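**Q** This is what each chain is made of:
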Amino acid sequence: MKKSRRNRTGIVLIGASTVAVLVALGMVFLYAPREATMGDVQRIFYFHVASAWVGFFAFFVTFLAGIGYLAQGKRRWDILALSSVEVGLTFITMTVVTGSLWARPTWGAYWTWEPRLTISAVQLLIYVAYGMLRAFLETESQERKARFAAVYGIIAFITVPLSWFAIRWQRTIHPDIMTGGGGMAMTPRMVQTLLASIGAFTLLYATLLQQRVRLERSIDTVARLQLRVERKKGI
Amino acid sequence: MGFLRKIWAIVAKDIAAEFHTREMISAMMVFSVLTLFIFSFAFDLRGEMAEAAAPGIFWATVTFAGTLGLNRSMAREQQAGCIDGLMLAPMDRSAIFFGKAIGNLIFMGIVEIVLLPLFSALFDAPLIRPGMLVVATLGTVGYGAVGTLLAAIAVNTRAREVMLPILLLPLAIPALIAAVQATGGLVEGRALAEVNDWVRLLVTYDLVIIAISMLTFGYVMEE
Chain A
37 MKKSRRNRTG IVLIGASTVA VLVALGMVFL YAPREATMGD VQRIFYFHVA SAWVGFFAFF
97 VTFLAGIGYL AQGKRRWDIL ALSSVEVGLT FITMTVVTGS LWARPTWGAY WTWEPRLTIS
157 AVQLLIYVAY GMLRAFLETE SQERKARFAA VYGIIAFITV PLSWFAIRWQ RTIHPDIMTG
217 GGGMAMTPRM VQTLLASIGA FTLLYATLLQ QRVRLERSID TVARLQLRVE RKKGI
Chain G
218 MGFLRKIWAI VAKDIAAEFH TREMISAMMV FSVLTLFIFS FAFDLRGEMA EAAAPGIFWA
278 TVTFAGTLGL NRSMAREQQA GCIDGLMLAP MDRSAIFFGK AIGNLIFMGI VEIVLLPLFS
338 ALFDAPLIRP GMLVVATLGT VGYGAVGTLL AAIAVNTRAR EVMLPILLLP LAIPALIAAV
398 QATGGLVEGR ALAEVNDWVR LLVTYDLVII AISMLTFGYV MEE
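The listed protein sequences correspond, in order, to chains A and G.
In the working numbering, each number is its position in the first sequence, counted from 1, plus 36.
In the working numbering, each number is its position in the second sequence, counted from 1, plus 217.
The hints are simulated quantities; they were obtained by calculation from the structure and are not laboratory data.
The structure displayed is predicted, hence computed values, not measured ones.
By construction, the Cβ of each residue, glycine as well, lies at the ideal position given by its N, Cα and C atoms.
It is possible that part of the hints are untrue.
Derived CB-CB ranges, DEER-like [stated by the list, open to error]:
#1 A:V258 / G:E439: 27 to 35 angstroms
#2 G:F254 / A:S136: 32 to 40 angstroms
#3 A:V258 / G:F281: 42 to 50 angstroms
#4 A:T126 / G:V379: 18 to 26 angstroms
#5 G:F220 / A:V258: 43 to 51 angstroms
#6 G:P307 / A:G109: 55 to 63 angstroms
#7 G:A244 / A:V133: 35 to 43 angstroms
#8 A:N43 / G:I255: 29 to 37 angstroms
#9 G:P347 / A:L61: 53 to 61 angstroms
#10 A:S177 / G:A244: 30 to 38 angstroms
#11 G:D301 / A:V258: 44 to 52 angstroms
#12 G:L305 / A:T257: 34 to 42 angstroms
#13 A:R264 / G:P307: 36 to 44 angstroms
Bound conformation, chain G alone (with noise of 0.2 angstroms):
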């Protein structure tokens, strides 16, 4: 089996395993909408305040309820038993990264696609914007792949679901800047092209991440 379709092995038995329980979408869908009517009532979110605000939100809600997602993901593995299977399965540790980072990847950018509309519905914010969808892949991409090492690690702890944001959060700092930024100047109406620093940085992030957690991530699954 070429190191794809492993990869495509994982990602699909997560799939098959959400579509059975439903817990990780439910949860973060659920959860994400609250932290938007939280958002609303601290702040009372209309007019130009909601347009400043909006990248900011949208951001805070995703990486909140991200941490959500990336918890439940390892924690099934665990639970389940199932990361023993993952390791006698005879493949490459990265192979198993990747399919789990893939999977949450998914997840959090199903979450994305049903938050985007709703929070442009409401709060009246043009979030929805043609360079938006590479903002968001790209900052997913590195949050959820930093956030599918940490959660490895994370599991692994006692009391693992307060762990992780612990972990995470400080080190999504630079994703988490970057998007806001390049969303903020995509809300302001310019194009792709003129948001081009913090595209590159969140690339540069990515790649960095991605390289890291593909070098370290068999180290974490040893027994």
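The following block holds chain A by itself, in its conformation from the complex (with noise of 0.2 angstroms):
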């Protein structure tokens, strides 16, 4: 028990992901040039994919995890696999909020069926499922609960690229003259700052991430520390 209390490796990732997000937000600000047909509005799509690339890769991480725990069947990798749909649950909502709010002033409607935008809603509501499930599980042994969610963690994630073809090919199939053709000419200026706000998104993962992985594992502590007393008292 003599493992040092201080978080080191957190503070760095604290100090790192803020700098990085306030140098990003300066850029979006005031580096990026302001797009030619849309404006300002333009700027949300810096925060907008960045996110929709977090979320999509929080998901990965928590696809990883779930081969892992299958294979070893630690704990740590069930920790990581539920801190990691956690976080990536707020990258995803962040999407599907900022694509609303930019599709609003660009297309008129808050929500346009659009193939990003879907595929980006229909992982919020699988990974609201994996959440439900975790919360549902009705197990006294949490390593059966990982077990499950493992599982689900894996199927769910394989049937992303899948429907994001179907969604894709259906859209193709019924071209909507509203969002089609909706590319945008990116000056290098434009690539920058998505670069800048893509990589100050993803540290900030990973602190949330860590963050999220040391709260479960002093709950596990403390229930075992709890334990213990129990056991004490008992004798």
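Fit the two chains together into the complex; they arrive one by one in their own frames, and the hints show the way.
**A** This is the structure:
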């Protein structure tokens, strides 16, 4: 029990992500040029894309952690999977919200069933289901709970690319004029801003993930201590 | 006993059990017809509207009725303590998966066989097409497979009847879209070869889902 209570990695991560987010914010509002047709509204794009990427990445981590758990049965994989889903849900919710905020002034409606936005919403639904599954599992054994969650995390993630293709192909058959050809001409400054924003959000993800993992570990420690106290009382 | 015989033993058990109670098929059947009526009242399905909406309504009905049957199929195993028996049987876990999945497939298939002509008659929509057998089979195989795996998870939750659709529906989206699109093509009078892309997506979905279910079902069943 001589482990240092201080969370060095955490402090470094918090510092780094604070700096990165501030730099990204500065670039989004000061450095990136004003988009010609959409105007300042387009700046939400940098947050939107970055959070979509992080959300997807977070669920990929859960997928890998699920495989790790099934292979090795170690609690730490399960903690990673669960934490990554929770942090990922935050980002994917942000994606859906910023997406509809952006759609409203650009296309005149909060929701246009644009494929990329739709697949984010599908991921949101899948991982809300994952969270509900964990909450509703009725089994004493934490190990079994983790196994069910791992299986769902694996099979759910595999369906995401298939959903993506299905949604896209469906849209190409019924092309909608409203969002069709929504390609933006990106200037180098825009690309740099986007990359900075993605980098900052990824760091922020790592920071939040590390904190969430630590929290779950503390919960485990408390549970263990409680058990010890109860056992001593028993004697 | 060979692998196929073991699978067949489980399928035969499920068919025999269903033959005694008839609770799965009758529930799915009545529920499907009710769903058709609800859709018909909701959309006033006549003429062109019926033809355009038919593929979607058919698959939505199969999807919802399917969750009913899938739930029942696993709940029955657990209630009767049948799961312990299956686990004690000297066979690979994937045999249990295939047995249960094929059983579910047969029950869903029976419902679809009744539903298709009924649907065509009620809405005067030409759903019975040459390629429909292929599309319906592929769609049902994928849905039934992922449904069997998730039902085995959902029986372990509180309020399991509620949990299965929440887990299953978002994962069934690719199969649902592909099946609806392919059926739509067939209803418009196109040949199976012309909806090839969707059929291929269905095949991919089925293979991927079956492979993952095979690999993970053991982890779900273990105590």
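**Q** State the violated hints by number, sorted upward, taking the hints as numbered earlier in the document.
**A** 6, 8, 11
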